Amino acid sequence: GAGVSQSPSNKVTEKGKDVELRCDPISGHTALYWYRQRLGQGLEFLIYFQGNSAPDKSGLPSDRFSAERTGESVSTLTIQRTQQEDSAVYLCASSPTGVRGTEAFFGQGTRLTVV
Amino acid sequence: AQSVAQPEDQVNVAEGNPLTVKCTYSVSGNPYLFWYVQYPNRGLQFLLKYITGDNLVKGSYGFEAEFNKSQTSFHLKKPSALVSDSALYFCAVTMNSGYSTLTFGKGTMLLVSP
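These protein sequence lines are chains A and B, in that order. Using this note's numbering, read the first sequence as starting at 2 and increasing by one per residue. Using this note's numbering, read the second sequence as starting at 878 and increasing by one per residue.
One should not assume that every hint holds.
[Claimed, not checked] Restricting the straight-line Cα-Cα distance to at most 30 angstroms, the calculated cross-link-like pairs of lysine-lysine (DSSO-like) are:
1. B:LYS899 - B:LYS926
2. B:LYS926 - B:LYS946
3. B:LYS899 - B:LYS983
4. B:LYS935 - A:LYS58
5. B:LYS899 - B:LYS954
6. A:LYS16 - B:LYS983
7. B:LYS899 - B:LYS946
8. B:LYS946 - B:LYS983
9. B:LYS954 - B:LYS926
10. B:LYS983 - A:LYS12
11. A:LYS58 - B:LYS983
12. B:LYS899 - A:LYS18
13. B:LYS983 - B:LYS954
14. A:LYS18 - A:LYS58
15. B:LYS983 - B:LYS935
[To be verified] If we take Cβ atoms under 8 angstroms as the criterion, some of the chain A residues that face chain B in the derived model are:
16. PRO9
17. TYR34
18. LEU40
19. TYR49
20. GLY52
21. SER54
22. PHE66
23. ALA89
24. LEU92
25. GLU104
26. ALA105
27. PHE107
Worth flagging that the hints you see were computed from the coordinates, not collected in a lab. Quick caveat, the model's predicted, so the values are computed rather than measured. Glycine included, every Cβ here is placed at the ideal spot set by N, Cα and C.
The shape of chain A in the complex, shown without the other chains (with noise of 0.2 angstroms):
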């Protein structure tokens, strides 16, 4: 596609309850991370993908998350369990390249509010 796809846009959810996020990455970019930007807050690095490496988890803030990738394809940021500080716009970028110095391609966010 044109750009970076999230979806949903917005996600409300009752606390206790699983949520599903996606993202569909620019086609043919190897690279693929996960943010959270609370409130007020900067962007906070949660997972890391680049090709068929092993991702970096090191962000994740709990168990409770986790993510997945299908080749270099679409990914899915899962929240189990959810808590009232998992509120959040929840963004997704993609890269051409892991190479450090290529610029990352965001997504208009998912916006997750847990009631």
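Dock chain B against the given chain A, drawing on the hints supplied.
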């Protein structure tokens, strides 16, 4: 570890005046530095980057940034601000070795008044 500091939560400037949005970084090794802009209800957009070479980097929409290694800074500048420049600006850093994950600052809201 790598980190970025944006010391100002908000910068106010009148249209037509020069603007500066500050950024300092901390990395072990040579940094790659980026500026991104986030307009309301839109994703982050890349503005410019410093990799190597000339310390003054020019980017989109008339923005530029100066890499200062001794001060570990990468301030964003524009000679003449526009009301349409009002947005949230993020500085980011990555190291030139290891993973290519970007570490972002908390962001600075730029408000340009008519």
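Here is how each hint holds up against the structure:
1. Between B:LYS899 and B:LYS926, the direct Cα distance comes to roughly 15 angstroms. Compliance with the 30 angstroms bound is thereby established for this hinted pair.
2. Distance restraint check for B:LYS926 and B:LYS946: the Cα-Cα separation of roughly 15 angstroms lies within the 30 angstroms cut-off, and the hinted pair is therefore satisfied.
3. Of the pairs offered as hints, the one joining B:LYS899 and B:LYS983 holds, with about 12 angstroms between alpha carbons and a cut-off of 30 angstroms not exceeded.
4. Between the alpha carbons of B:LYS935 and A:LYS58 the distance comes to roughly 34 angstroms, so the proposed pair goes past 30 angstroms and is violated.
5. Proximity of B:LYS899 to B:LYS954 is assessed by CA-CA distance (about 9 angstroms); at most 30 angstroms being required, the pair is judged to hold.
6. Between the alpha carbons of A:LYS16 and B:LYS983 the distance comes to roughly 27 angstroms, so the proposed pair stays at or under 30 angstroms and holds.
7. Distance restraint check for B:LYS899 and B:LYS946: the Cα-Cα separation of roughly 14 angstroms lies within the 30 angstroms cut-off, and the hinted pair is therefore satisfied.
8. For the hint linking B:LYS946 to B:LYS983, the alpha-carbon distance of about 21 angstroms falls within 30 angstroms, and the restraint holds.
9. At roughly 13 angstroms between alpha-carbon atoms, B:LYS954 and B:LYS926 fall within 30 angstroms of each other, so this suggested pair holds.
10. Note on B:LYS983 and A:LYS12: the hinted pairing holds, with a Cα-Cα distance of about 24 angstroms set against a maximum of 30 angstroms.
11. Of the pairs offered as hints, the one joining A:LYS58 and B:LYS983 holds, with about 21 angstroms between alpha carbons and a cut-off of 30 angstroms not exceeded.
12. Among the hinted pairs, B:LYS899 with A:LYS18 is inconsistent with the structure: their alpha-carbon atoms are about 41 angstroms apart, more than 30 angstroms.
13. Distance restraint check for B:LYS983 and B:LYS954: the Cα-Cα separation of roughly 18 angstroms lies within the 30 angstroms cut-off, and the hinted pair is therefore satisfied.
14. As the CA atoms of A:LYS18 and A:LYS58 are separated by approximately 22 angstroms, the hinted pair is consistent with the 30 angstroms bound.
15. Under the criterion of a C-alpha separation no larger than 30 angstroms, the hint pairing B:LYS983 with B:LYS935 is consistent with the structure, at around 23 angstroms.
16. Using the Cβ-Cβ criterion of 8 angstroms, the hint placing A:PRO9 at the interface with chain B is not satisfied: the shortest such distance is roughly 15 angstroms.
17. Taking 8 angstroms as the C-beta cut-off, the interface hint given for A:TYR34 holds, the closest approach to chain B being about 7 angstroms.
18. With 8 angstroms as the threshold, the beta carbon of A:LEU40 stays out of range of chain B, its nearest partner Cβ sitting at about 11 angstroms, so the hint is violated.
19. Taken as an interface hint, A:TYR49 checks out: its beta carbon lies about 5 angstroms from the nearest beta carbon of chain B, inside 8 angstroms.
20. Proximity of A:GLY52 to chain B is violated relative to the hint, the smallest CB-CB distance being about 12 angstroms (cut-off 8 angstroms).
21. For A:SER54, the interface hint is violated, since its Cβ never comes within 8 angstroms of a Cβ in chain B; the closest pair sits about 10 angstroms apart.
22. Violation of the interface hint for A:PHE66 is found here, the shortest Cβ-Cβ separation to chain B being roughly 16 angstroms, above the 8 angstroms cut-off.
23. Below 8 angstroms, beta-carbon pairs count as interface contacts, and A:ALA89 has none with chain B, the closest being about 14 angstroms; its hint is therefore violated.
24. Below 8 angstroms, beta-carbon pairs count as interface contacts, and A:LEU92 has one with chain B at about 7 angstroms; its hint therefore holds.
25. Given hint, A:GLU104 at the interface with chain B, holds; its Cβ is 4 angstroms from that chain's nearest Cβ, closer than 8 angstroms.
26. This hint holds: A:ALA105 has a C-beta 6 angstroms from the nearest C-beta of chain B, less than the 8 angstroms allowed.
27. About 4 angstroms separates the beta-carbon of A:PHE107 from the nearest beta-carbon of chain B, less than 8 angstroms, and the hint is met.
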